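Asks: Given chain Y, work out where chain W should sit, using these hints.
Residue numbers (our numbering), protein chains in the order written: chain Y, 9 to 189; chain W, 2 to 443.
Among the hints, erroneous ones may be present.
Claimed, not checked - Straight line, CA to CA, 30 Å or less: simulated DSBU-like cross-link-like pairs of lysine-lysine:
#1 Y/K27 with Y/K147
#2 Y/K33 with W/K419
#3 W/K90 with Y/K17
#4 Y/K110 with W/K129
#5 W/K231 with W/K419
#6 W/K231 with Y/K52
#7 Y/K33 with W/K90
#8 W/K90 with Y/K21
#9 Y/K17 with Y/K27
#10 W/K294 with W/K90
#11 Y/K51 with W/K208
#12 Y/K159 with Y/K51
#13 Y/K51 with W/K129
#14 W/K129 with W/K232
It is worth saying that the hints were derived from the structure and are not from the lab. Quick caveat, the model's predicted, so the values are computed rather than measured.
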Amino acid sequence: MTYYEGLIKRRFKDLISSKYEAIQKEYSEYILSEEEMRPHEIKKILLPLDFSVTEVSESICELLSVYENATVTLTFITDEQIHEIIRASLDDAAAEEFIRKKEDYGERLLDDYEHCLTSRNIPCRRRMILGNKQQDILKIAPDFDMVVLPKCFASNHPDSCEISGDAIILAQLLGQPTIIF
Amino acid sequence: MLATVQLLALVIFIATYILIIDERIHRAVAAMAGAAVVVFLGIVPWDSMLEHIDFGTIFLLMGMMIIINVSRQSGLFEYIAIRTAKLAKGSPIMVLILFSVVTAIVSAFLDNVTTVLLLTPMLLYITKLMNLNPVPFLMAEIISSNVGGAATLIGDPPNIMIASSAGLTFNEFITTMGPIAAVDMVLVLIIFLVIYGRSMKVTKEEKEVITKTINNLDEQAAITDTRLFKKAIAVILMVVVLFFTHSSIGTYLHVIFPFVDPSLALEPAEVALIGAAVILIWSRVQPDEIFEKIEWTALFFFAGLFIIVGALVNTGIVEMVSQYMISMVSTQFEAMFVIAWFAAFASAIVDNIPLTAALIPLIHDLSGTMDVYPLWWALSLGACMGGNGTAIAASANIVVLGAAAREGVAITFMQFMKIGMLTLVVTVAVGLVMLYAMFGML
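One chain only, chain Y, in its complex shape:
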């Protein structure tokens, strides 16, 4: 560093101290960063669903219609661990009944979401998975450009939850742009 560069740095620090960081932070709320300015094409969107989702969100269907030519993959996940606990503590029949009920619920939810999306000309696919809600999403998410996550995803108390722990963790761990609704 030359004397001149050092001098500017010292004087800037003495004059402004931490103010500049604070101003940059304020600006970042409505100015896109360099990374954000780069066009990010969204072609494949993952929308995980589970038992915590009780109704179709029209607003998220509306929002997804902005992404022209994007395909939404609706993925309903049933918790395999609970399935195993029921099998171990009750019997196979009870475990199969659990799966059947969850799948029935899942099918209805997928139908509703599919209708909500296709009515807005958004192409969509559907999947039903028996697995781990957090780990499976982390595993399949890299194949998608964006993840759209229900705010109470994997919550045991969807009626009273503000945002679930799994939704927060997934938003932190996912590398893709993530929308929580």
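Replies: For chain W alone, kept in the frame of chain Y given last:
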């Protein structure tokens, strides 16, 4: 031959100014340390120390800092930056012109450092969008801030110091320095357009994309508190009106309230403190939050400088320099010439604030031999426009260069000086001719 005490005062003065220029020690600490030494040695006796501190300057700065810090919380400056960007409609030349003009106008009424600090991130963002070299835009912003600041009493710290010490009014400043700043601003824009105009080109398609992106910015989103935003604008306007009327406020008030003495006048510092009190009461912002943001280091820096310069006054060094100057110049014309050019070039090296602090007592000392009224304007012109000379000549320069460096945009000392010195010479020369014309010396 200098007496020991004079030599000591001079050594402390020079050593402190070197520390201020170098800034390895914070300038406020350097000024306070220098002041402590002259007080400790009895060069400035404790009892007379406060007499040397110009509280008019300190309280005016403090009041304006409070007003600006409360206003800042509302998002006012970001709002101005986004509106300016939108007005340019994607044209690089319009970005340069509009940002320069807005910077000059805002700098004339509010603090230069805050103005450039809040406009620079937006300017860097737009130049990034336009994929153009940001250097001309940043340089134009710096120079406009210094030129705009010269227009009013509150625009630049040297003007605040000069007005407070010489008892000049806001209206005298705006009528004398305002036209000079306006003409110089036009010249600065012409210089920039001649030098950089050709390189500021974008295709029609690029212009459309830039306009679309900038139009997507929501200036309303920048306003964090709509009520505070409106209150801030109202108080700033009230303060500007009070500045315009401060020297004859009694005349106006007497019409409404006959018991008010028509000769009542407000000091500029009183106006700033009234504005600060009004905005604090009206906005209901937590005062401790705002008082924490007052730049105490700047205020202590000023206080320290006044005491160190006071040591030169007490020991008779200022008188010796003024006697020497009187022997060299015989007319006001010559004195104005020397002061304007000396202040301009010395500001480019020393920073215009400590330089003005040192020259003010010198001009006071000349009052025994000539009418020094025109000399104050020559000092204001030289100190404010001298701020453009080099990268370190004024605080606004440092803020823009420091912010740009953090974003990976480097402006070298020589790169700055080439354009800085050109504008310094043009603006001071034109300003000086205008001053001569105003005072009937041509």
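Asks: For every hint, state whether the structure bears it out.
Replies: Status of the hints after comparison with the structure:
1. For a cut-off of 30 Å, the pair hint linking Y/K27 to Y/K147 is broken: about 41 Å separates their Cα positions.
2. Only pairs whose Cα atoms come within 30 Å are accepted, and Y/K33 paired with W/K419 is rejected, the gap being roughly 34 Å.
3. A distance of roughly 34 Å separates the Cα atoms of W/K90 and Y/K17; the hinted pair therefore is violated under the 30 Å criterion.
4. At most 30 Å may separate the alpha-carbon atoms for a hinted pair to count; Y/K110 and W/K129 exceed this at roughly 52 Å.
5. Proximity of W/K231 to W/K419 is assessed by CA-CA distance (about 42 Å); at most 30 Å being required, the pair is judged violated.
6. Between W/K231 and Y/K52, the direct Cα distance comes to roughly 45 Å. Violation of the 30 Å bound is thereby established for this hinted pair.
7. About 26 Å separates the Cα atoms of Y/K33 and W/K90, which keeps this hinted pair within 30 Å; it holds.
8. Between the alpha carbons of W/K90 and Y/K21 the distance comes to roughly 34 Å, so the proposed pair goes past 30 Å and is violated.
9. For the suggested pair Y/K17 and Y/K27, the alpha carbons sit about 14 Å apart, so the restraint of at most 30 Å is met.
10. The hinted pair formed by W/K294 and W/K90 fails the criterion: a straight-line CA distance of about 35 Å is larger than 30 Å.
11. Straight-line distance between C-alpha atoms of Y/K51 and W/K208 comes to about 27 Å, which keeps the hinted pair within the 30 Å bound.
12. For the given pair, Y/K159 sits about 23 Å from Y/K51 by alpha-carbon distance, which is consistent with the 30 Å threshold.
13. Taken as a hint, the Y/K51 and W/K129 pair is honoured in the structure, with Cα atoms around 27 Å apart against an allowance of 30 Å.
14. The straight-line distance between the Cα atoms of W/K129 and W/K232 is roughly 34 Å, outside the 30 Å bound, and the hint therefore fails.
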